[in-house]
Amino acid sequence: MSHHHISRRTMLGGAAGAAGALGLLMAGSSGVAPAFAGTAKHKRLAYLGPQAVVAAGTTLIGMSAPASVWDARVASVGPGLCARRIFADLSVGAGSQMKLVEQAHADGMLPVVSYKVGGDIAGAAAGKYNAVAAQAAARLASYGKATAVTFWHEPYGDMTAAQYVAASKQLLPIFRQGKLRTGPILNGWLLDSKVSTFASFCPDGLFGLWDWFGIDTYESGTIDAPGSIKPADRIPALVKYLTSRGHGSMPIGVGEYNGYSAKSIADAGEALLSTANVWFGCVWNSTGGKGYELTGDRLTAFKNTLADPRCARSIA
Numbered sequence: 116m117s118h119h120h121i122s123r124r125t126m127l128g129g130a131a132g133a134a135g136a137l138g139l140l141m142a143g144s145s146g147v148a149p150a151f152a153g154t155a156k157h158k159r160l161a162y163l164g165p166q167a168v169v170a171a172g173t174t175l176i177g178m179s180a181p182a183s184v185w186d187a188r189v190a191s192v193g194p195g196l197c198a199r200r201i202f203a204d205l206s207v208g209a210g211s212q213m214k215l216v217e218q219a220h221a222d223g224m225l226p227v228v229s230y231k232v233g234g235d236i237a238g239a240a241a242g243k244y245n246a247v248a249a250q251a252a253a254r255l256a257s258y259g260k261a262t263a264v265t266f267w268h269e270p271y272g273d274m275t276a277a278q279y280v281a282a283s284k285q286l287l288p289i290f291r292q293g294k295l296r297t298g299p300i301l302n303g304w305l306l307d308s309k310v311s312t313f314a315s316f317c318p319d320g321l322f323g324l325w326d327w328f329g330i331d332t333y334e335s336g337t338i339d340a341p342g343s344i345k346p347a348d349r350i351p352a353l354v355k356y357l358t359s360r361g362h363g364s365m366p367i368g369v370g371e372y373n374g375y376s377a378k379s380i381a382d383a384g385e386a387l388l389s390t391a392n393v394w395f396g397c398v399w400n401s402t403g404g405k406g407y408e409l410t411g412d413r414l415t416a417f418k419n420t421l422a423d424p425r426c427a428r429s430i431a
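According to this note's numbering, the stretch in the sequence shown is residues 116 to 431, in order.
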């Protein structure tokens, strides 16, 4: 269920390949891979790319919140955030939300950048935004730091699968440079009972343009009357689906998850941390749509996720 607008609106070849890539990806200027700093409980990763994180058996736990309240939400949840969801729009220029990307890097976090194109799906499919995408991609790549990039999160309901595929084929190749890593963020609820619809947004031809695969996942029902399907349920469902498609070791991302109760928040965190190949997962920490600001026991549950030793730690 998409609730964002502009302001809110197969890299791993198995465990052996991932482990082999880890030393290369974490190598510093000396060519020697730096050792993990800190205690076993608080590993630090010099490189936030998916191979390094996945091979280390850790997960980047992050947050999604409007820029206007970001600092307050960070202060509320405390230390440990390693990813930041950012919503940008190519229709307003290559610099859209770039300052937030820079802030995320400065804070030692992985930016998870969701690009849209206003409402001009046909224009994107026709290549209208390729030039501005090239400018944005060059700037993102110039930072020399891992960045997750997606085009049009939760596309179902906004466009047809054919439109999504056509636009993705125009834009995603442009962002595949430097340490940028591209992937989809599809409507996770489609995995509940509309798997064939979910599949239409990820045909075989797009897997070659994706370095990771993501969903947004929200609790069914409402906070006053929660449904039976929880955010955590869709993480193993996604693993099962990717395995059925022959991509079982692909890095996974959860762009946004919510939770109407402390248990839902805790269970989602556990699913992210205990599932192999999860690169990042961002909690939705604000009120709007299916989201509610984390307070009370829900906030405590998320803090417990951040304190878990299976969380990756970046070097700020």
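Source of the hints: derived by calculation from the structure; they are not laboratory data.
Among the hints, a few may not be true.
[Unchecked claim] Calculated pairs, DSSO-like style, for lysine-lysine (alpha carbon to alpha carbon, straight line, at most 30 Å):
#1 405 - 378
#2 214 - 284
#3 378 - 294
#4 284 - 378
#5 294 - 355
For the pair supplied as a hint, residue 378 and residue 294, is the alpha-carbon distance within the 30 Å limit? Violated - the C-alpha atoms of residue 294 and residue 378 are around 36 Å apart, more than 30 Å.
CA of residue 284 to CA of residue 378, is that 30 Å or under? 39 Å, violated
Pair hint outcome, residue 405 versus residue 378 [Cα-Cα no greater than 30 Å]: With a Cα-Cα distance of about 16 Å, the restraint between residue 405 and residue 378 holds, given a limit of 30 Å.
Satisfaction of hint between residue 284 and residue 214, Cα-Cα up to 30 Å: With a Cα-Cα distance of about 27 Å, the restraint between residue 214 and residue 284 holds, given a limit of 30 Å.
For residue 294 and residue 355, compute the direct alpha-carbon distance and say whether it is at most 30 Å. 28 Å, holds
Of the numbered hints listed earlier, those contradicted by the structure are 3, 4.
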